[in-house]
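Top line first, the protein sequences correspond to chains A and B.
Last residue of the first sequence: 337 (our numbering), numbering continuous.
Last residue of the second sequence: 849 (our numbering), numbering continuous.
In case anyone wonders, no lab produced these hints; they're calculated from the structure.
Even for Gly, the Cβ is constructed at its ideal location relative to N, Cα and C.
Keep in mind that the hints are not guaranteed to be accurate.
In silico contact screen, one side only, chain A against chain B (beta carbon under 7 Å); selected entries [claimed, not checked]:
{"id": "1", "residue": "ILE(-4)"}
{"id": "2", "residue": "LEU130"}
{"id": "3", "residue": "LYS132"}
{"id": "4", "residue": "THR316"}
For each label pair, taking beta carbons as the anchor points, the in silico distance ranges come out as [unchecked claim]:
{"id": "5", "chain 1": "B", "residue 1": "PRO667", "chain 2": "A", "residue 2": "LEU246", "range": "53 to 63 Å"}
{"id": "6", "chain 1": "A", "residue 1": "LYS232", "chain 2": "B", "residue 2": "THR669", "range": "47 to 57 Å"}
{"id": "7", "chain 1": "B", "residue 1": "ASP727", "chain 2": "A", "residue 2": "LYS180", "range": "14 to 24 Å"}
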Amino acid sequence: MTTMLQDIVVKRNVPTNQYTPKDFKVDIDVRWCAGCGGYSILSQVQRIMPELGIPREKIVFVSGIGCSSRFPYYINVYGFHSIHGRALAVASGLKIARPDLSVWIATGDGDCMSIGGNHFIHACRRNVDINVLMFNNEVYSLTKGQYSPTSQPGQKTKTSPFGVVDDPFNPASLALGSGATFVARGYDRDPKMLQYLFERAAAHKGISFVEIYANCVIFNDGAFDKYTEKEYRDDTTVWLEDGKPLIFGKNRDKGIILDGFTPVVVSFEDGKYSPNDVIVHNEKDSILAFILANMTYNPEVPRPIGVFQSIDKPSYEEKVENQIEEVTKKLGEGDINKLMRGEDFWTID
Amino acid sequence: MSKKVEHLDKVTIRFAGDSGDGMQLVGTQFSNTAGTVGNSVNTFPDYPSEIRAPEGTLYGVSAYQIHFGSKKVNTIGDKIDVLVCMNASSLKVNLPNVRERGIIIANTAGFGEKNLKLAKYETNPLEDGSLSKYQLIKINMSEMMKQELADLGISPKAVERTKNIFALGFVYWLFNRPLDLTEKWLKEKFANKPQILEANLRALRAGYNYGAARQEMIVQYNVHHADLPKGTYRNITGNEACAIGLVAAATKAKLPLFLGSYPITPATEILHFISGYKQFGVKVLQAEDEIAGICSAIGASYGGYLAATTTSGPGLSLKVEALGLAVILELPLVVIDVQRAGPSTGLPTKPEQSDLNIAYYGRHGEAPIPIVAASGAADCFAMTIEAARIALKYMTPVILLSDGYMAQGTEPWRIPDMSELPDLSVNFATDPETFKPYRRDPETLARMWAVPGTPNLEHRIGGLEKEDITGLVSHDPLNHQKMVELRQKKIDGIVNDIPLAEVEGEQSGDLLVVAWGSVYGPVKTAFDSLREQGHKISYTHLKYIRPFPKNLGEILSRFERIVVPEMNMGQLADLLQSKFLRPVLRINKVQGMPFKAKEIETKLLELLNNKGDK
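Could you build all of it, start to finish, from the sequences and the hints given here?
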């Protein structure tokens, strides 16, 4: 008997204990460099997959080109390794066609923000329900070390031997400015944090954008040490937690207040400020999300990590289906013979 | 004096005016009415690329040409028999194409001082005797309508906008056509604007009555209905035929349809039409760019849809990399390229056939893609079905070449019954025991199509070279050679699944005309005319370009000389030369205008008279 697409597009839930992370591993060697940030991201994804209650055959990873884009080969779900920059365009078409699938994108800073920049902003604005994991290593690695759109001013690479003169994108601001409904940032060194962010991304309806600081051991080693290593990170980053004040520091003795629209670091030590004075994070507050995202390259304040924004809006593919339903209700189901005949036809006997 | 009536076999009418004068509208109405009364009809809208060019200018002229007759018409007509011109510029631009003794119907209100200056006329051509070679009918349409609608109390602007309908009404009288089809259309269009409806209905009748009242002075013409094969007919543009063709193909494939496209002239209407077919469950993405158009379609195809993308030359250039991806993924995809004059932005609203090379060769690596080409507006439907059939059966992207001429021109289309169309149903892989991503059907060499959501068939595909059968990434040198050859063999094998080429006229001999695409109309007209004159000449029209029909080489070998007329610098001619090692003569036109039948006839006659001309 012929299998129709509608036989495949059936909803199926599986109990969350049906799988173990092992079920999402594939029997081939992962070919990232030893120490690459990609390994941590891959294992955290494999770890959370069993928890999602989604059958394995309903999960698809789509990628573009770059080190990160090898990801689909390394996870035992459906995988689509497309061309440079186009993962989001392919994934958008797939998700619009097949809302029953859980669609994930593995991409990098060059793939997503440079050659694929147009697709990225438009996927954000449409709010297609896909999960974008952007491995940000602030360098082009697969082509062996050129600067990327997130490389830092002055960074020395093969194409910037005297230092980068470009200003970088701030991925979180770009995503927010493009209308992304879920925007977060994490880093490879903290598995628990990544698991939390990936689970949140999976649960969010609409586009989820997770920027992940991923260390490139070969071409940009240590780029994020200042924010990810235990000895610094308490003082150089601030964890965004919904409903919680923005407090940081090894001794949790510093906080962030707003001076007008400008975030400013204050100390609780001299008694002038207390934890009650600092900003309380609210994931539903888009204005706050913009302010927090803009702290990213400001050396006066810690770097924000966590969920910047999570707001609810109908997803694109849902709106497409709703419109089809409404139009069909209004006009009746399409009749191909009527469509072919059109309004003005005549018969020759 | 009594009414004068003459009979004609074929007539070419051209409605011409300013961009905002509604010439496209009246042209469409006239051609629908002509079709409905059983004439053979061929039409072409000719409008400037500016949306509303400055009023009254030479470059702002918009026109709609209709060729209709009691015999089969294959072209839009070489010379204009009746020119309706709403202003001085539209007369100036079109006069060179009006035949001697042809009728010119001029709206005198469009020949004021300002109009004449904009048209660069020193004196008024309606008054200075320069049109003595023609039958001139002067009507102040604007003034007629002012009087006709005086009691309606609508704005002068709204009154002025009815003059095109007046002109249509007059032409209906001139050719003894019924008004009811246009009346019905007006009633639907202005259902919510009773005053505007009344104004237009009055305008239509006023135009008609203007003629009727002068029947002793103006000759009326009759064009009998044509002897077309039995069936239900409608007028259709190539773009609408492609749009409906995609829905029909999806229906026959029992698959949902996805269209990922970006607006581009002259292909955009396909996107317009399909966007209006939501009740068929069609999903449409107006993408952020051409690349996203094709990539989203590839994504949908991966998900098990009949997926398509529509474009024109500049867009096809942008889609090239993704086409290569579709080739290596071996996923079905219909790519419709409505060709326009290039290079670069070129002449965006004018037709050309210059994308054959990019369709054939325009990819890096060895990336064969089947190419089919429609021969006219109505044929766009059949060839869209063919493109979908080949794509689904052979798991490959297919390029359908249309062009701006057939895309926007109309022809009567005999509407097929759905049961006449081929069954396009597909077989999704579901069995984990037998499934391998690149295991092939031994006959078609198509790989298995397993869509996400199918349990236990989780696999990975992508742009990296794949190992034969398993589909695993492979850099093995011999495997690459094998896969390149397999992909080529698969496309070459389609030759056994397409119709043989046919020869009209002598089956062997001196001169064979080979053509493709919308040049069919003028070539066929020229060919028929030469045959009627007793010349020995033969004609093969190609709808399948990659692969070529199996017998094409053999056909070519039966003729001394081969000539290819095409709207480019010889792209098909080059292909034939390189494939079949035969010298090929060329007739090339790249003026953003379709060939005239006469142009081709003259060139062919030269060849027939100079046998040594190789």
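(message) Output the indices of the hints that this structure fails to meet, ascending.
(response) Checked against the structure, the hints that fail are numbers 2, 3, 7, while the rest are satisfied.
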